[in-house]
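The chain contents come next:
Number of protein chains: 4
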Amino acid sequence: MYEELLNSLLKGELSLHRLDSLVGDSNKATYLRREYLERKLNLKLEKIASSILDFNEVIGRNCENTIGAVQVPLGVAGPLLVRGEYAKGEYYVPLATTEGALVASINRGCKAITLSGGASATKVISDYMARAPVFKLGSLEDALKFVKWVKDNFQLIKEVAESTTRYGRLLSIKPYLIGRYVWLRMLFSTGDAMGMNMVTIASQKAVELMEREFPGVKCVSLSGNMCVDKKPAFLNELEGRGKSVISEALVKEDVVREVLKASPEAIVEVNIVKNLLGSARAGSLSFNAHFANIIAAVFLATGQDLAQVVESSMGYTWVELRGGDLYVSVTLPSLEVGTVGGGTRLPTQREALEIMGCYGPGDPPGSNARKFAEIVASAVLAGELSLLAALSAGHLARAHERLGRGKA
Amino acid sequence: MYEELLNSLLKGELSLHRLDSLVGDSNKATYLRREYLERKLNLKLEKIASSILDFNEVIGRNCENTIGAVQVPLGVAGPLLVRGEYAKGEYYVPLATTEGALVASINRGCKAITLSGGASATKVISDYMARAPVFKLGSLEDALKFVKWVKDNFQLIKEVAESTTRYGRLLSIKPYLIGRYVWLRMLFSTGDAMGMNMVTIASQKAVELMEREFPGVKCVSLSGNMCVDKKPAFLNELEGRGKSVISEALVKEDVVREVLKASPEAIVEVNIVKNLLGSARAGSLSFNAHFANIIAAVFLATGQDLAQVVESSMGYTWVELRGGDLYVSVTLPSLEVGTVGGGTRLPTQREALEIMGCYGPGDPPGSNARKFAEIVASAVLAGELSLLAALSAGHLARAHERLGRGKA
Amino acid sequence: MYEELLNSLLKGELSLHRLDSLVGDSNKATYLRREYLERKLNLKLEKIASSILDFNEVIGRNCENTIGAVQVPLGVAGPLLVRGEYAKGEYYVPLATTEGALVASINRGCKAITLSGGASATKVISDYMARAPVFKLGSLEDALKFVKWVKDNFQLIKEVAESTTRYGRLLSIKPYLIGRYVWLRMLFSTGDAMGMNMVTIASQKAVELMEREFPGVKCVSLSGNMCVDKKPAFLNELEGRGKSVISEALVKEDVVREVLKASPEAIVEVNIVKNLLGSARAGSLSFNAHFANIIAAVFLATGQDLAQVVESSMGYTWVELRGGDLYVSVTLPSLEVGTVGGGTRLPTQREALEIMGCYGPGDPPGSNARKFAEIVASAVLAGELSLLAALSAGHLARAHERLGRGKA
Amino acid sequence: MYEELLNSLLKGELSLHRLDSLVGDSNKATYLRREYLERKLNLKLEKIASSILDFNEVIGRNCENTIGAVQVPLGVAGPLLVRGEYAKGEYYVPLATTEGALVASINRGCKAITLSGGASATKVISDYMARAPVFKLGSLEDALKFVKWVKDNFQLIKEVAESTTRYGRLLSIKPYLIGRYVWLRMLFSTGDAMGMNMVTIASQKAVELMEREFPGVKCVSLSGNMCVDKKPAFLNELEGRGKSVISEALVKEDVVREVLKASPEAIVEVNIVKNLLGSARAGSLSFNAHFANIIAAVFLATGQDLAQVVESSMGYTWVELRGGDLYVSVTLPSLEVGTVGGGTRLPTQREALEIMGCYGPGDPPGSNARKFAEIVASAVLAGELSLLAALSAGHLARAHERLGRGKA
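Protein chains in written order, with my numbering: chain V, 420 to 827; chain F, 420 to 827; chain R, 420 to 827; chain S, 420 to 827.
A couple of the hints might just be wrong.
For identical chains, the list gives no copy identity; a pair is met inside one copy or between any two copies.
For lysine-lysine, the following PhoX-like pairs were computed, each having C-alpha atoms within a straight-line distance of at most 20 Å [said to hold, decoys possible]:
no., residue 1, residue 2
1, K466, K570
2, K459, K507
3, K637, K680
4, K624, K555
Simulated from the structure, these hints should not be mistaken for lab results. The model shown is predicted, which means the values in this text are computed figures rather than measured ones.
Just need the whole structure built from these sequences, with the hints factored in.
In structure tokens:
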């Protein structure tokens, strides 16, 4: 039967994605797709084949048309002492990356922070997921009436939206207009889930209600790009999305000199000239050195949505002298993470979350995801500190010559 | 001996990163670090342990402090007919993701494009990697003299910079000023490598030359954030970084209706209202629906630098009617990819590149990376088309209810 | 005595700005300063001298170190039929400009709109002035405590702030953080005044209260650039400042063809390709053709703050077909205008406001400024429509060849 | 005859703009339009009537539908010692404004700079005017061919474009693409004129050539918003438009304390926290305190295009300690000014330019406009310095209570 199916595939009579239902076993379907590609393209995919994944768990949840798995090296940085509201204590941070020198660099930052007494405060200052459908009305007057109707009927909309979800809670709706178009930015709390899916489904119900109840309104798109998902945008930087987190530390002068091999004054100068002046001159909306490196490595290790590295890595690094010591903070307005759902339930990703004690739902709901966000922000702090120190001391290129290829 | 080492680790007398040199085998060091974490944290990391990676190949190149590997499901979309300058023919695009519905959606877009005769043109219109050190001079006058000196001595700088690399070629240097600070944006061609590491090392040599030869100049930071690496910035959008690629297709009206289950008119409206008006209203610098989803999945599958999803996913989607058919194009100004170096040499990532015939150096140098860039841009085209169609027809939430969690 | 003073000035023993108090009459002081410049620089300033201004009314209010006045031609466009909440009827819009073709072009737009039945809706959708002092705290924890204290003591802060003003009302305070720095964006309603001065003084009192009552807080700057005054910023575009106004019209097809000499389809295309795609490609935050031209001309005519043309001219133009007719709207998120205070009380500026029935305080307070904002937005609508039509028909350069120099 | 015309106007049988040709004298037409408005609206416009302007010189050049003139108080700041390439010596800077305290504040900055030995360097680092038509091609392939054709035929295009102008010289053409749309950003040197009109007409000729010679290309709009005229945009900030100018000064410590009543350290802190962090947090593309105030006042005084305050006021302020002294610089990437044409030939504006020795054409061409640009940049330096000092010392609100209404 497999040969028959392979022949049909090779003749172009059968689509790859139909195999799962045809053979009733996605592990077999995965094998067949891989086998098909190997024959068709005359190559070997034996490494991709060597996976621990049960594709019956994967199909319909995490991926389609599977042919195997990709393996990425996983390192750890730490211990990193975190003094958050939910994360309290020393943590090892799992980092999956193919970029040499990155884990070593973050690890050095962790050491400097931990030796100085830890990330002396790390806080989630806001927490919600947003979806922003866009609507077209007949006129400006109608648009303003629609906005008023939405405001007047918030409780009803909330009930309908929340009927689709166990954890999602509609917090508020903020309207934005261009002429007779209206974007409704709907903010939800989402428990320990990153929540994009939950919020999409809930918003869809809300939209259906609006179209049913308000005459003449038409939803042009369930996502109107004011969510803002997977695009860099000042809206998220100003209003937040996911967790807005800040982490700070006071790094002792001798630690700066001995662990980071740099002078506090030089680090301050690099931060101002590179991260502030340089980003301003480049028309960037990220005023940091390499948040994205740390975010991407943690996201990959823990099953977060990698496309959300885009907005999750926006933010501000600030460094100043305090006496002889070095005060450093990172501000991440839009860190989108979860500890349930999505890729978090995959075998290796789950273990990675467990290393930080962050897998699964928290009690109360949301507390686990916030704990995780605090650890991530602290790791970002460590990574920024270490790279700024390296740049200030002229060590960047040297590290790259020694350890693979580059960052920042 | 292992127990001794583990005890030293547990007592805090030994750092994790010293194990590789101590035991002389990174596979054993990886095992010990994992074992240490298991004991210390009282948990099991058996999935992370189950890896095909040879960590002696990984340490010093791709990752440090390794404890194992992360596995991510790998699917394929295709066949996708590409009519590029280097990529000509049908391709299967490997996509590693944990976000359900994504591969299925891209696959649908591939089908629509291929049925319509392919991405009718895909071209790399510029190709270079940039590094921008920032310098401080004593005065504006000195800064202008320095800029002139750099211009006058371009050949010398080029020789020195290129002495560090086999493939890197210094193409040009563009200065930017704020007061007496000077950023020199140095552009290099980098063959088939993404090239960030190559360019960092070459720039370091150039900087050393400048500091040696031009009195009074001081390099504040080898990266002055005008590179712009791993941060979203209008500079990259305007000037490009990595490959600037455009891909377009003319999708037949019946294909739109039957494959994409949508009307061409509605897709045009969603693109204008969501991708143009919505992004403009949100203060975004990405005028697309979800480039980042496709970019992240291909990058992860093929060993690209995941932090570069940030700028590689910037760009513009354009859709219009042409007769009854649908013209669609995607423009990616800053797609940073390579087919040699970095994560591309890891076992599964290499196989993923081989699926597209893109692994390793091209002949002439650079041709393989450009071929790959063309395929990636075409896949982005497919992904945009499919999501816009789903949004225009109100299918987004439904797909998510069926297939895991969300995108866009 | 005048000769003595002139001699002292010429010898450099006396400063120009001391003359007003020395001679006790600013008209004479103005004469002396001008006379001094004429002698010192050996030139004639007789046109600058020919002014109707009473400088005793000007000094201490509008300008210092006066030497006379600048005269700018004042034209009118109209009648323009406006259907606003406060502005109802036909208006002539005073426009002061030195740019040939501008008034003629706006006038043509007014004609097209009025013939089509007027700007069918024009509404102020939000209205407040903002000032955002920035504070430094000892730590993130202190910063968060401070934010909470501000929230808890809003009524007290409001009382103290409002004690300085008859019309200003503190509406809300929104905090933004970077590490331990806190910006408090304070929003005030300001009656018929643009209100920047009122709000600055009220904010100063609020800041003094905070520094007195909250231990350890220090105001770094009364303006922390999140106000955002006289700088283009996405914050104002998203949150508004001054009046957020939208104006729309449905222009009849035959009017488009006969008055604007263009086709509706071509105008739609120019708007999308130029105002949306072009602005997006240029990294602009203004998605319009030339709001600034109309804003600057009205502001100059009516004594508004010309530096605020910067943010007042941000915004979005939208054009689409509706049947064969042309729907057009303009959205101005941050139009900062007043009808009392500042330059509005100067003789010619006051008369210009009277042409629209907009001079002085309204009843209820604020209504006159809103009426004026509605007229300005409608004039912007007329100006956009006319220029887009000219561009679509290839008439721009021709108009400039005929009538002075250029716009857009 | 006048009564007849007035009656026709009042009956709506005659348009205001037809009066000039009907009566053959624009001074009389101006009178009639004013008289009409006075009767129609039952008000007096006697101040607007009191003008020295000869409207026969104005109509067809600077304004249409004139009814008189607006008068704005004109002050001077200075002497300001400038050490530019073209401007060498002490200058009085004419400033027309209705905002109390502004001239006094700039004047104070001038004093501090002059006492410290002047703006120790001020340089125009690039100088050109841009116009960017946008074209539509049949496909990406055609678009790339068109770009190549333009490159290959640069000399021909240059000849045709320059045939329309005595001073304009086409320097280069830079293409930008989205799909099959092409923007050609054409850069011209324009002598002493700001040059927008000159460049528009020259570009029109170039466009006509392209449409004639290259089959299938269609110019969608002569201005495609990548010029970028009268809109804030990162493109201008990165590439420049008009003059890119930098001015710096080293202000002596005792001057800071005695003239500016502030401490150097506090000024540095305000600049970093307000102008860098604050602007970054607000999503601004202007990293300064109030460039727009100075730019608007000089532009109004000297007959520049006031709508161009928008982009001319973008830029960066940088302040740092140097020993105990204060180093300060301002960088204006896009200062659009001229000393011939436009409003510069109006009577009062011409005199204002003469105060600085900047009226009319320079020898060599362009030198007068550059001299003027250097003085403007130095005045901006003075204005920034003064306001930052006031903010750092907590003086802003106090100045406003004393002197009219606000800035910053």
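The hints, checked one at a time:
For the identical chains of this complex, K466 and K570 are neighbours neither inside a copy (55 Å) nor across copies (49 Å), given an alpha-carbon limit of 20 Å. In this homomeric assembly, K459 and K507 come within 20 Å of each other (Cα to Cα) only across copies, at 17 Å, whereas the closest approach inside a single copy is 54 Å. Taking CA atoms no more than 20 Å apart as the test, K637 paired with K680 passes between copies only; the shortest distance there is 19 Å, against 60 Å inside one copy. In this homomeric assembly, K624 and K555 come within 20 Å of each other (Cα to Cα) only inside a single copy, at 18 Å, whereas the closest approach across copies is 41 Å.
When the structure is compared with the earlier hints, a violation turns up for hint 1 alone.
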